[in-house]
Amino acid sequence: IICCPPPLQMQFMLLFSRQGKLRLQKWYVPLSDKEKKKITRELVQTVLARKPKMCSFLEWRDLKIVYKRYASLYFCCAIEDQDNELITLEIIHRYVELLDKYFGSVCELDIIFNFEKAYFILDEFLLGGEAQETSKKNVLKAIEQADLLQEVRLGGGDLHGI
Amino acid sequence: MSDVVEKTLTALPGLLLSLDSQPGAAKLCATSRLGSLVRSITELTSKNVGEEMAEPPAGPRSPKQMKEIMVRAIYCEMLGYEASFSYIHAIKLAQQGSVLEKRVGYLAVSLFLHESHDLLLLLVNTVLKDLQSTNLIEVCMALTVVSQIFPKDMIPAVLPLVEDKLTHSKEIIRRKAVLALYKFYLIAPNQVQHIHDKFRKALCDKDPGVMTASLHIYLKLIKVCLASNYKDLTDSFVTILKQVVGGKLPVDFNYHSVPAPWLQMQLLRILALLGKEDQRTSEMMYEVLDESLRRAEINHNITYAILYECLKTIYTIHPKSELLEKAAKCIGKFVLSPKINLKYLGLKALTYVVQQDPNLALQHQMTIIECLDHSDPIIKRETLELLYRITNGQNVSVIVEKMLDFLRLSKDEYTTIDLVGKVAELAEKYPFPCSVWFIQTMNAIFSIGGDVMQPDIPNNFLRLLAEGFDSDEEDRQLRLLAVDSYLSLLECDTSGLPQRFLQVISWVLGEFSFLKEGLEPADVVERLGKLLDDDAITTETRCWVLAAMSKLCGSSDALCKAEKVAHKYTSCLDTALRQQAVELELLGRDVDLRTRVLPQHGARNQLEVDSSLSFLDGFVSDALARGAAPYKPPHQRQEELSQEKILNFEPYGLSLPVSLSACSLTDRQSPTALSLSSSLSGNSADPPLKAGSNLLKLEGVKRVWGKQGYLPEKQATEEALAQEPSSIFAPSHQQACSESQQTTFSTIVEQDQEKRQLASSLFVGLGSQNAPCLVRTVAQNLSDSTSEAVPAVGNTEVVEASEVSSLSGGSGPLAQPSSQVERGLESDLPSRLPATLVGLLRSDVEELCSGESLSLSACKVFDADALVLAIFLSNISDSSIQEVSCLISSEQLKVPEMCSTFSVLSFYLNEFVLFSLFVCFSLCLNHLYSEGVAQCQGWEEHLNLGEASLYHSVSPPASCSCRPLPLTTEEYGKMWLSFSHDVKQNLMLLKHEEEDQLEAALTALKEKLCLHIVDVIGAEGIMACQLVSGRPCLLHCHTHGGMLAIWLRSPIADLPDCLLYHCQKAIQER
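Chains as they are written, first to last, in our numbering: chain A, 1 to 162; chain B, 1 to 1070.
Next up, chain B with everything else stripped away, as it sits in the complex (with noise of 0.2 Å):
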């Protein structure tokens, strides 16, 4: 078959060029070779002949001919054969041609060439003469081609041109003229800045097509310069949407009977757009989103398609309970279709969603596990996305073993990449189901990603190593455990392992083997050049492998074996090894210099490192002495390289740079900020000499070098700091799941025993995200007991907090508290908090009221991510009490999942405590809210006791859900920037004679809302706090005359405000 085409190939150029040199000669009939070529290369596929077709026709062409030939050049290319000659005469051909020509020529270009192909300026004068044609379906081609192909820089010649077009009286040219005019914007979007308003005009065009058309660039536009520019046009495009909707438009751009569904998918997603984060611009499109989830009935693609782009738009811009509750059931239609296609659309839609609430995932959990054995590869895999959304502190393991088995599977590589990366960030984030798996976890990561993963997860991975976390044991455990899996996977087969990995193994094992107490460092000395023995071993890793060795040979027998192998790599011709290698050898022959650059681990931070690079002064003096060049750094470089204009004569004008990329080599390698390069660097212990003797020029050579050394380092510590409030600010799920979800799930049918476990597995957890540290506190104690506390949703009559005090003093059917129990009270109680809470901060423990045999009391314990009410139901009478049932119910402020968080710690009859409820939630916004400025609503629950019963609520202040949030004024006027939603007041400071009034207020703010002050600068303040989810609000305050000006500022829009309230209150009743 190649042979046909090569030889039509080599007959093609013969072609054109006896065309050209004797043009409009004899008249071939032009009978349709592309048809015979077709043919004959099809029966040669079929029959494997290698004779032929695509003899060269005698004689020369006429443009007639010359598209016969075009188009077999055009099909020749498809095969995948280069006709690279015929692009010349496909320009040709366009720019002679008569119309019917002219159109190949151009099919012909738009397929061969390519934005910057230099042809394409032959192009230019024939659009130009066809766009200034009368024949209109010249001008059609040149607008088709100019909406494909067309040179950048050759834009200004046709402009003018186009935008005539926009006021032609064919619909058809202003439609392709609006195309044109958005690709010019594409590749090009300076230029076509001046013609916004003719923009405008098409959108208001009467062709509908014109006007779809138009959306492109407006869709553009809004997504790339600030939404705001174009709110002004969100009533236009709503009243578009509804009259599309409205079934206006003509029936020829109806499609299987759906109204224009381009035009609409292309408006919705607009919309979405400018009513994101906007609430007064998402208001005016409720009404007509409402009416697309309506009109969407008929059971076809086209009208899921804009369902689901209907759903995305509706979970985009600012919410409306109602349209949400009406989205989420359509959800339902998607992923609980039969059809796959749909099924996919679903989970990707619940993908996007979960993301503002992970309660819908619980809704289809079955389908979800379902679609998890899926047999299509991309149904798994868009299932573990949405799993991957709702991760949380409980499920992780069970969702990263998915994650993982799929990974195991999968051969792509992208996928791979995209995965390992996601299950990193899992493990890095929820690092403490316990340290065995997440060291098991990284080992599957390293091993399966192996050297295609984004560099940083192993980076990451030491220095969460490096740098532990909290507890000092807890670190020493983890790394010990770390070595122990790393020793164990060496004595095995290492052959098949990425070299990332083996750099992360000899990395842990050069750094931490000496917390495991009976290694030899000469054993893993020994186990790491036995690594080196492999050819497959990247230099990389070898270096990687010596830096460790060197760590380790403290001992003479260490240190004899691990010379014995580096060398072998002093004469090596990789400089970086080499460095490795001698340095291995000074470094064992001089122990003194040995502890001062390589100490223990835990010494590490004594380290100084002498940024300033002070040791080398003299050097640098020396050197400057001698006549050299002051040093520049490179961008100074670089500038003065590009002002001279003129040739640069130096002959060693760039042998800087390349030196210094050498150097930085070895930084690369080690990932911790005191690696062993910089911490050779370092070994100077003089301060930086305040260098008064030579030179002057000296001065800025040394700062320019300080800076060089000490940047680098200044924003390691800054990302380390960086990283801390990301995971504060990472976005917390919202509410907790209601309890009727939760019977819906216990009422599933139990058809699958494993199905169900391996649900509850991964969507445990979801209801309660705001409160993760329930599984500490509870989990263990979790007993049969949860059956008996049913939820109760508003049969119970609403306390509010004021008159707690009036019950418990004993008003109505409740019986005054026994003293026995008030002695109690002080004294047994708080003991009976679990492990996990003591120590905490808390209140006292409070008795809230008592009937004949039972008497409850409360005290808040304030834990760092939520508050714990722990409840303490006490038995007051003498007799035992045989049977309790306890009714909980909280309406207002849904204390998620009630039934979890209820543990029997101590279940004595006779005793004095029966029971201790704990509690745990972490306030959100919704109840700061609600508490401070709406009705006053509690956290109640409803104890009945046989005959007895006692209710109670409780609603806990304000203050309970803040928490001082730490920050640097550097990063307080970061975040400052980036807040969107302030509020700013003046209060009245009551009391004039105070000295100092701005500090007194601060500190009442403080005292009485939890808050962390950052700053005083003069009559300024600056404080920062959160709430328990992890919401940033940030204060300003400045004092004047007797007057508070408060400024606040927080991502959330009713944090400020509701803040407000509470600084108000507290500055009012100091």
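Only chain A is shown next, with the shape it has when bound in the complex (with noise of 0.2 Å):
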């Protein structure tokens, strides 16, 4: 299943809470569901045992891991050792700041009971691994096309069962 990975592209993306409780996955390379457990669980462990005041990247297998936190989440990106960590650390800030506007001031729990919406603007902003739309207002605009749509929707098929 697992195949080389194409350079200069994510590999994944995890957010989990300050307890370790993993809140998103999205991967961006074929892994087999036991080699992404394991993954998660070491790089909760290793990023947990973290130092505030600590660099926020890791080297971590081949890989180099840049995670921020953001209140009580932590989100986790694994990159190429070649690839620019800046960037990727910007990258995790513009989904914050997507997450946020999307919200209205994102908290977790908006995340936990609304994570498939989390995800919706995460494939949204980023495809394949690559940055894809980089303008905020573009990609919340085609969240909320979406969700227009399916509000319409029921609302339509409310009125249809009245």
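I should point out that these hints are in silico values taken from the structure, not numbers from a laboratory.
Do not take every clue at face value.
[To be verified] Residues of chain B placed beyond 12 Å of chain A at every Cβ, according to the derived structure:
{"id": "1", "residue": "Y75"}
{"id": "2", "residue": "E115"}
{"id": "3", "residue": "P208"}
{"id": "4", "residue": "L226"}
{"id": "5", "residue": "P250"}
{"id": "6", "residue": "L263"}
{"id": "7", "residue": "L372"}
{"id": "8", "residue": "H374"}
{"id": "9", "residue": "D493"}
{"id": "10", "residue": "A536"}
{"id": "11", "residue": "D557"}
{"id": "12", "residue": "S614"}
{"id": "13", "residue": "E847"}
{"id": "14", "residue": "M1043"}
[Said to hold, decoys possible] When the alpha-carbon atoms are kept at most 30 Å apart in a straight line, the in silico DSSO-like pairs for lysine-lysine are as follows:
{"id": "15", "chain 1": "B", "residue 1": "K276", "chain 2": "A", "residue 2": "K36"}
{"id": "16", "chain 1": "B", "residue 1": "K329", "chain 2": "A", "residue 2": "K53"}
{"id": "17", "chain 1": "B", "residue 1": "K223", "chain 2": "B", "residue 2": "K326"}
{"id": "18", "chain 1": "A", "residue 1": "K51", "chain 2": "B", "residue 2": "K755"}
{"id": "19", "chain 1": "B", "residue 1": "K152", "chain 2": "A", "residue 2": "K34"}
{"id": "20", "chain 1": "B", "residue 1": "K1008", "chain 2": "A", "residue 2": "K101"}
{"id": "21", "chain 1": "A", "residue 1": "K136", "chain 2": "B", "residue 2": "K339"}
{"id": "22", "chain 1": "B", "residue 1": "K64", "chain 2": "A", "residue 2": "K117"}
{"id": "23", "chain 1": "B", "residue 1": "K312", "chain 2": "A", "residue 2": "K136"}
{"id": "24", "chain 1": "B", "residue 1": "K220", "chain 2": "A", "residue 2": "K26"}
{"id": "25", "chain 1": "A", "residue 1": "K38", "chain 2": "A", "residue 2": "K21"}
{"id": "26", "chain 1": "A", "residue 1": "K101", "chain 2": "B", "residue 2": "K201"}
{"id": "27", "chain 1": "A", "residue 1": "K38", "chain 2": "B", "residue 2": "K152"}
{"id": "28", "chain 1": "A", "residue 1": "K141", "chain 2": "B", "residue 2": "K248"}
{"id": "29", "chain 1": "B", "residue 1": "K223", "chain 2": "B", "residue 2": "K129"}
{"id": "30", "chain 1": "B", "residue 1": "K242", "chain 2": "B", "residue 2": "K170"}
Even for Gly, the Cβ is constructed at its ideal location relative to N, Cα and C.
Using the hints, put the two chains back together into the complex; each one sits in its own frame.
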């Protein structure tokens, strides 16, 4: 299953809480479930053990881990060694901005209870491990359009039911 | 907590099934089941209660509820519970649901499945339908899922539809279509080859988003294919970057008021690839790169990210000094930043950059030292990486020590493997600060690296020991040291030592313990025997120990002990171990055989290996006569197997490779080419029989065997040969450090003595990379006199070399040299040369100029890796001279670190020779180039003695910097193809009457330019040379009709040109 990942591409993104609970996972390279679980476990442990003043980057196996903590949530990306760590940090930040704008000052609970929405936003922002649309306005417009349709349909359905 | 989730999981299939059986029946209110699930799970974790939640809601589900259930399944899977039963329902949901359920369905599919999952095939039809939909949202969803996962084989089915979308009116659709094609390109590059021109259209799209998306494809294309195919796009990329940097994009794309940073980075990466080793293309981008550097002012991470990318590009493309300077300044911004992330990136940038200019590390040495003690291991790790790049012969021991310190604390396996490899590489590259250090370092590597390190590390080490270096005495010393240190290791507790280390120990002891006088082989056998008592030792190591023992049982005492040990293993289940034990017993009984098979190390070289295995000929021919099938090599068998599509019923068809692999097992265990097993097989001293006697087929068989046996050995020798040139061609660091850096270093306030010491030991030799021999010549003699020598730049008048003769002839203020001096020159001066330079080829001692009381003379000494200029300053007056101040300047040539090369060998006041200077410098390309082509530039020293002042300049001839490069024709051929820069020219041969014009020309070139004639074939001759710095150049000469066609090739751009000039001169002067 595991094939050689193309270079300069994000390998995966994990969101987990300070207690080590996984909140979101997105894998851009094909891995077996067992492998995914192992990686998640190891990474959560390593990242949580880091002190706050330490560097946001981490060498792990042959990958670089870039992580950042926002309130109680850790955002954690794996990239290739040659890739630019700083820009990955900014990708995380842009994603948080997007979530923040969408949910209106986002908190961990928003992501827990609406995690599918968080996935939709992520898919609109990053596709296949590459930044797809970097304009905040455009990403949110696309999400809102899809949401709008959903609500119209919902409303329509209810009307029909009555 | 697990109870609840498991309940949910068991409930879910039921829910899904009931939905299938009665579609669209009762409508239960779809309250957020996920919400309650999550809530109860969280409650459970806090309260630890086991009951509640997820009672299966009665009745069948609508797609809407199905959506809810799917979200729950995703959640469960995220918690780590298997929910594979829901995969099929995810696909169904994507297929059957309306837009809102479809969205969740697709999401579930993209999260659950991977590219090669079988169920994915079921999705293809849905995707096809959605791509054709008139609903934009549906098309978007389909394209999104296609760009995430799609079965490779089904790409042709959707490709036309996706291509159509490239011309869609909505930019979001176009953008997603481009990304989908990018994905296709990644998983199946061949299938999208025909639409490359459509990518160009996407690049020119009016929407910046679509254009950005197309850059992903271009970056990958340029990286994978040849960059040359895309050079014509450089202009477009530069223009786009200019527009972006100039803020021409809509404000939407700004990120913290930086215009489209992701786009900028992508473009910078592309430019780096395009401009690499291409001056013309690079020139097109200098301006915009400069602009990018200038614009990156705001103090925000994102500007630094762009800056970092920009730096990398500038250092990757063809260099422009102005830009490099600016870039180097920017590195300071990173490294000196208090933010740890920026500091890390600064180190990373430095690591990248010092490969081209090691002096940049000097500027930041104090920061580097601080980072070395940083509390965050990743900073330390990156610092070590940087140090690894600037290692040279002088600082290697300090750097290796730092690396080993880090390794001792690190627990991460990856880091250990990587770093141990690097330490081993350094230790082998610079094995001689001293032998003791080398052995100790290798011991540390083996004990730390243990069994995780790359297997070639111990192998290389053993080969190094076995093959030795230049001098026999040094080799003996090294081996003896190894034996000593291992013996003492064996006395301590060996249980903690890794298996690989034990193997190395036993091999070395078996091979070299005879070197130690007064050491009884029986002692060694006993100590090795103790190793075997440990149960934790693997069978592989046991084999090594037994092999070592069989080498040691020369005396009866040792034999007796060894046999006792080996006897245990003669009935062992492991075949390799058993073979080793039986061999030991047999060889012990037959002394003659033993000495033939296992001679002592010194005699190894005479051992002839019958690689054709001719001693088996009789056996083979017998077997053939009895009707056995002739031998076929594995690849032939493989081919035949694959050709035969029918089933193979032959029962023993596969037995052959199995037994072969068993044989090669013993080979693998002995690291050197002349191992036990190969010498065993080679014990027949007979030359290969010219089997004229029996079966015809035998000849074919023998040839194959010969090939099999011979090939690996030939490879081994080739490898050994290849190793030498590779060390020569190792990129030697560019230029010497300029004096200004030297002075800044010296002005650093002495705050922390320890750090300063560390710095000086770490960065020593960085400036004088080009003169590794410096250390040897000067180190011991380097005294305080260095402080007298103040480097002065540019104050002195340049005296051209041509004027030297007139100067020394006594014009101007300078007096004629006295006869005393002349007499002395002949006899005395050369003997004042340091011991390291005696015996080397040198030019005559020439007097350069002299004043009233002082005379200056010099000679050139041709060391293997440097040109040493020995300067003698002599007192020719009767009175003694109390004080001498010496100014040495070298503006153009930048002779590396004048101060440290300055040594006072003898300082006899009143005596004849006042002192001598030895200046070593290896001429690198620049010197040769400027000397040959540009204006005459000289190496100049200015001696100022009280009132009297002498000055003089020397410019070494070009040939000084050339050294012959011994190559074989084969190697030459390989190198020829790999070099990129070439020059061709026809030269007129003046002497038509000569018989063999070619040979005459070649000899002339050889003599004048120190070339090595590799081969002469008919009217063609090939030659090779290298600069002192190790840069090679190959020549190909061909004569026809009084003309000599010369063709030069080198990996260095200007070298062929320059050398051609000298060839021309040499031919003319002939």
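Check your understanding: If you check each hint against the structure, which ones fail?
Key -> 1, 2, 3, 5, 6, 8, 15, 20, 26 and 29
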